[in-house]
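With the hints as constraints, model all of the structure from the sequences given.
Residues per chain are reported as follows:
There are 2 protein chains.
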Amino acid sequence: MIKTAILTLLAIATSFSFFLFPLPPKSFYHSLFISSSLSDNASISHHLYTLTRRPHVAGTQANAEAANYVLSTLNSYNIPSHIASYQVLLTYPISRSLTLKPNRADPPVHFELRQEIYDGDPYADVAGEVLPTFHAYAKSGTVSGLVVYANYGRVEDFDTLKEMGVNVSGCIVLARYGQIFRGSIVQNAMKAGAVGAVLYTDRKDYGGGGGDAKWFPDGKWMPPSGVQVGSLYNGSGDPTTPGWASTEGCERISEEEVEIIGDVPLIPSLPISAADGEKIMESIGGPVAEEDWQGSKGSPVYRVGPGPGVLNLSYTGNQTIATIQNVIGVIEGKEEPDRFVILGNHRDAWTFGAVDPNSGTAALLEVASRLKKLQKFGWRPRRTIVLCNWDAEEYGLIGSTEWVEENKEMLSSRAVAYLNVDIGVGGAGFHASSTPQLDELLKKATQQVKDPDNSSQTIYESWLGSSNSPVKIGRLGGGGSDYAAFVQHIGVPASDMSFGEGYPVYHSMYDDFIWMKKFGDPMFHRHVAVASVWGLLALRLADDRILPFNYLSYALELQKSAKDLEDQVLGKGISLAPLFKSIAELEEVAANIETRKKEIEESKAWTSILTRDRMTVRELNDRLMMAERAFTDPDGLFGRSWYKHLIYAPSKHDDYGSKSFPGIGDAIEEAKSMDSVQSWSFVQHEIWRVARVVRHASLVLSGKLT
Amino acid sequence: MIKTAILTLLAIATSFSFFLFPLPPKSFYHSLFISSSLSDNASISHHLYTLTRRPHVAGTQANAEAANYVLSTLNSYNIPSHIASYQVLLTYPISRSLTLKPNRADPPVHFELRQEIYDGDPYADVAGEVLPTFHAYAKSGTVSGLVVYANYGRVEDFDTLKEMGVNVSGCIVLARYGQIFRGSIVQNAMKAGAVGAVLYTDRKDYGGGGGDAKWFPDGKWMPPSGVQVGSLYNGSGDPTTPGWASTEGCERISEEEVEIIGDVPLIPSLPISAADGEKIMESIGGPVAEEDWQGSKGSPVYRVGPGPGVLNLSYTGNQTIATIQNVIGVIEGKEEPDRFVILGNHRDAWTFGAVDPNSGTAALLEVASRLKKLQKFGWRPRRTIVLCNWDAEEYGLIGSTEWVEENKEMLSSRAVAYLNVDIGVGGAGFHASSTPQLDELLKKATQQVKDPDNSSQTIYESWLGSSNSPVKIGRLGGGGSDYAAFVQHIGVPASDMSFGEGYPVYHSMYDDFIWMKKFGDPMFHRHVAVASVWGLLALRLADDRILPFNYLSYALELQKSAKDLEDQVLGKGISLAPLFKSIAELEEVAANIETRKKEIEESKAWTSILTRDRMTVRELNDRLMMAERAFTDPDGLFGRSWYKHLIYAPSKHDDYGSKSFPGIGDAIEEAKSMDSVQSWSFVQHEIWRVARVVRHASLVLSGKLT
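Protein chains in written order, with this note's numbering: chain A, 1 to 706; chain Z, 1 to 706.
Heads up, a few of these hints could be off.
Pairs count within a copy or across copies, as identical chains cannot be separated in the list.
Quick list of in silico lysine-lysine cross-link-like pairs, DSSO-like style, CA-CA up to 30 Å [unchecked claim]:
1) K704 to K376
2) K26 to K443
3) K572 to K162
4) K704 to K372
5) K560 to K444
6) K598 to K704
7) K373 to K704
These are calculated hints, taken from the structure and not from any lab test.
Right, dumping it as C-alpha cells:
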C-alpha cells in the first residue's frame, strides 16, 4: 500500500515538467523495475503469441511484418525507434532429394524429408509456410556414395575412423547433431574426403533417450520426423561483404570469392530426422562403433561402414540478395547521451521461433515496457539505452554484424556494454556468459531476482546449486549469437543469458507457441525473470555513476587460461613468462582501480553535482569501458583477421566452441602437426601478441601515458 | 604600461589560491602568449647553443645528456616531465672505403670521405665526435662495378636510363640527393640491378649553383667536402619491432626477417661530397645526359656511363640495440584532463643539429617557458598539453613511433591533435602542412603573428605572398617526420611547420650553431615566431570550448584528390561514384556541424558552466576529434599494413612524398603495369575502401547510429 502511494505521488509529480522535490535514487527505480508491480507475464505471452503466429525466416515478408510489430510496440512505449535495413546474401531451398540404396538386392528408399503435422496442431494452416528442411549456404549439387557413420562429426571422430581404417574418401557421411556447430561437421567431413553429408537428430540427444520418453505434442521431446535446420556458414555477417556493411549498392565479393574464403562448405548436405537417420544407419555394415558412438535404448547397433548402403543426395539452393530489418530503439541518456548500453536479441527464426529466438524478443519488449513505466515515474537513464532487434542471426549473425560494421567507429568509442539474449527461455535453470569484468555485476543482479522455479531463493542461489564451487559463467568466444561482432570484432564488454540450456525441438517446426506454453514456460515466469535480470544489468550499466566493471575477474580468468597453456607447450622451448607478467600487471592495475572506485563512491554525494567531479568520474568510466577494446588487435587472428579480439574467439573446428587465446591455440595446433622450429616460434610470437594486448589493457586502465 | 599593470595585478591575484574576481578570458592569455612581453629570443639562442655544443646522435651518451637538459629545463618550468626509454635497433659505421679506378691506365683514387674543418671552427675540438659519414641501415659488404650516373635516382630516372639503353645491372649507381628520400634512391638502384650506390650532394642543389656562391663559413652553402648523411630505412619505428613498442625484453624479429620485410636496402651504399661526386662524374663516359640531368655552372659535362670508371665500395656497419630517450612533459588540463594536445619535436641529430632538429627543440622549450609564464598569471589549460621531445627520429621516426605504439589505445581515444616541429628554422619563409580540418586554424594563427622578416605584415600575409591563390598547405602523407605514427598509424589530426624550406648544409657537420647564428636566424626572431604559431595552435586546441576543427576543408581536399584520379582510370571501367558520393555526404555533414558549432558558440556564456552544456560540448568535440580516426582501417594499406590511414601515406617509391589515397594509387600503378581485368578490379576495390572510411567519418561527425 505504501509503495502504491509513493508510486501515485511520483506519477503525479512527474506529470509536471519541473520537480520541486528531488527524485528518488536510481536504486529505487532499479528495485521497482524488478518488482512484481511492473512485470507483466500476460503481455509477454501475448507478444510471443503474436510474434510466432507464422514462420518468419529472415528475408521473408513474414519477418518484415514481425519487424513492424516490434517497431510499433517500441514506439507505443514512447521509445523512438527505427528500422536499419541491409541487403544481404541469404539462401533458400529450391529442390532436395535423398535416396538410399540399402544394398544391391533391396529397392531404393526415397526419403520424404517432411516434418509431420500432428492431429489438432493449431498451426496446421500455416505449416506450408515452413521452409523445406535444408542447410543454409549448403553447396548445390548431386552426389552419391557409400555411407560412413561419423558420430558427432568432430575432428576426433574422423581421427577415430582413420584409426579404424575406415576410408571416408568418396563417401557420404552420416553424422549426428549436438556436439559441435553443424557447419563444422560438414567442413570436417569434407576435409576427410567425403563428397556429401547427412546430419540427423539422434533420439539419444533430442528424443529423451528413446524408451518411453514422449514426444511433442505429448511430451517435450523432438518427434521422430522432426528436423533441425540451420546454417552452415562459419563466419559472421553477410558472406559477400566481409568486414563492411551491406548497404544498398555496396561493394560485394563474388560467390567464387566467398568459396575461396572457406567459410561455406563445398560439398552438398542435408539435415534429416531421427527416423530417417535410423533407416540409413540400418544400411551401414562394417565394424561396430564404440560405445560412445552408439544410440539410445531401442536403437539399432551403430556400425561405421563404409556401406553397403549407398546414398544419393541432391540439393539445389537459391542464393539471393534479400532485405533484412534490424529494429533499433533509443532511450537517450540524460547526463551522458553519448554512452551506449545496448540490449540485443534477434527476431528471425527458422520456423515459428517460440523458443529460438522470440522468447528473447518477448523479453526485450517486456524490458522496454517496464522502462516506459519507469519513465512515467520520473526515471531517465544517465546513459543512453539502445534496444536492438536483429534480423538474419540464423544465417550467420548477419543483422547484428552488418550494423556493428556500419557503426563501428561510433560504437568503438561510445559503447559501454552489449547485453545479448538469444533464446530467452527454453526450460528451467539460469545460464550466463560474459566478458569477465561483468562477472560481479551478473552475480549481483541474479542475487536480486527471485528464481521463477523456486520462489524461496534467488536466481543466484539456484544457479549456485548445492555445490561449493562458484557459479559457472561461460565466455563469449563462440560464434553462437549476436554478441560476436561486439566482442570479437570491436571489443565491447558483453553478456549473454537464458533460462534452460538446449531444448529438444531446436530449429524444428515444433518450436512453436504451443511447445512453449506446454513445456518451455507455461506461466511465463521464466520470461519475467529473464527480463528482470536483463533489464537490471542494463539499468546498472546505464545508471551507476561508476561503471560496475571489475577487471580483477578478468585477470583471474586470464591467469587460469594461461595456466592451461603450460602443459601444451611443455618441452618446446616456449616461454609463457611475458604472458604471466602482463597478467600480473593487469591484476595490479585492476586492484588499484577498485581502490579508486571506492574512494570516489565514498566521496560526499554533493560533490557529484560539481562539473570537476563529473569529469573525474567520466574519465574513470572511460578507462573501464575502453580497457576491453585494448584486447583487440587490428591485425586480428592469423588467417581470420575479422576476429580482432585476441582473448576470445571461436574455435577453428567448432564455431560454437569458445576459446581463450584462440591465436595461441591455433598456433599450437599447427605446431603440433608440423613440429618444426619455425612453427613453435610462431607459437611464441602469438604468446607475445596476447601479452601485448593485455599490457595495453593495463595501460588504458591506469590512464597514464608512458 | 596598462598591460604591465594588468599583468602585475594578475600575478598578485594568482599568488592566492582562490580568486575573488573572474580570470580574464582565454583569448587574453592567447594574445599574451604571442606578445613580445613573454617571448625571449636570448633564451632560445641559449637553449640552441647548449643543445648543439656536441654532436648527439641517437643512442649516444651525448644525446642522453641532451635529453637530461630538456628534462631539467621542463621541470624547472614546473612542467612535470619524465623520460620514456626504448631499446631499439640503431646502426653505426665501423669501416668505409671507396676507391675509383678512372680507367685502365690511371692509378686508383682513394677517397678520404672526410668533411673538412675550416680555420677558426669553434667546434674543431669536438669534430672528432662527429660520426664518419655513412648511411644508417646500409647493407654491409664490398662491391665493385662500372659507374652509372642516375640523376636523382627516381623511378623515372631509371626508366630514362633504360630507354637510353644503359644497362645498370652489376653497376654502381652514382646519384644525387635532393628530389626523393635517399632510401628510395638506393632501393630504386637495387631494383634496376645495381650492386651498390653512391649518393652525392650536387652544387646545383646545395652549393648555390656553383659560380661565385660562397660556402660555409663564408656563405650559407654546403662546402665541397660536406656530406649529407642519413638513414635509408623506409619504415617507421624500430625495424625489429614492427607494430609494437621496443620495451625492455620485448619480442624482436631477426635481421633476416627485417630484410624480408623490405624496408632496408640489400646493397651497400655510401654518401659522398660534391667534390668526390664530381671526381667520379669525370670518370663516366657514354652518352651525354639530358639537360635536366646536368650540373651547375662550372661542373663537368655529365655522362651516364656505364664506366669506364670502376668503383670499389666497402662498408661495414654495426647494428646494435641501443637505449633512446623520449622526454615527455605534461601540463594537466583543468576541465578535460583526459584530452591531449600533443606538441612534438625530435632532439637527436646526425651532427650538431642546430637547424635539424634543435631549432625546433629550442622553440619547444620557448613554448614551455611561455606556458609557465601564463600559469603564473592564472592560466590553466582546459585540456592537457603534452610536450614531447623525441629521440632517434633520424634513424626512422623511432622514438615517436615506439611511444605511439605503446600508448596507442589511450591516444586513439584521447588525443585531440599532434603538432609537430622538426626543423624549426632553416631560413626565411613560413611553411606548413596539416590534416585538412586544421587548415582554418593554421590560417587564423598565422594571421595573429607578425612575420619575423617583415614586421609590417603577418606571417599569413607573407605566406600568401603576392599571388591571388590561397596559401599552400602541405599534407602529411610523407614519412619525413614524427607526425607519421600519429597520422598514418592511428589517425590523429596533426600539423607540421617550419621557417625555411630546405637548407644547404642539411645533415652535414656544418649544421651547427655558427651556421644558424650567421645565416639561419641571426636574431632568433624566426625561432620566436615559430614558437608563437606553434604555441598558439596548441592553446587554441587546448582551450577553445569547441575544438577549432573544420571538416569542410577536408571534404574539399578529398574532392580535389578524387578529381585527380579521374584521368588515371579513364576507360578502364572504373567507377569513382562511390568515392564522390561519400565525399558529398561528408561535405553535407561537415556543413551541419559548422551550423551546430555556431549555435553553441552563440548560446549564452553562462550556460557553459552547466553540466548539461559541458557534456553537449564534449560530445560535439568528441565527434570532431574522432572523425579523423575513422579515416583509418585496421587492415591498412595492401602490403604495408602499418599504414592504417587510407587518405594519407607515403608514396611507395619515395618515403618523403605525400600521397592522397595511397591505396588507390598503389593499385593503379600495379594495374597499369599488369593491365589485367583482375588488377583493375582491385583498383575498384581500393576505391570502395576509401569511400567506406570517408562514410565512417561522416557517421562519426553526425553522431548518429544508423
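Structure-based check of each hint:
1. Taking the closest pair of Cα atoms, K704 and K376 come within 30 Å of each other only across two copies (26 Å); inside a single copy the shortest separation is 42 Å, beyond that limit.
2. Taking identical chains as interchangeable, the C-alpha atoms of K26 and K443 lie at most 30 Å apart only when both belong to the same chain, with a minimum of 19 Å there against 49 Å between chains.
3. Only within a single protomer do K572 and K162 lie at most 30 Å apart by alpha-carbon distance; the minimum there is 27 Å, versus 52 Å between protomers.
4. Taking the closest pair of Cα atoms, K704 and K372 come within 30 Å of each other only across two copies (22 Å); inside a single copy the shortest separation is 40 Å, beyond that limit.
5. In the homo-oligomer, the alpha carbons of K560 and K444 lie at most 30 Å apart inside one protomer (23 Å), although the nearest pairing across protomers, at 57 Å, exceeds that limit.
6. With identical chains, the CA atoms of K598 and K704 are at most 30 Å apart within one copy only, with a shortest distance of 20 Å there and 34 Å across copies.
7. When the C-alpha separation of K373 and K704 is checked against a cutoff of 30 Å, the pair qualifies only between copies, where the shortest distance is 26 Å, while the shortest distance within a copy is 42 Å.
Hint compliance for this structure: every hint is met.
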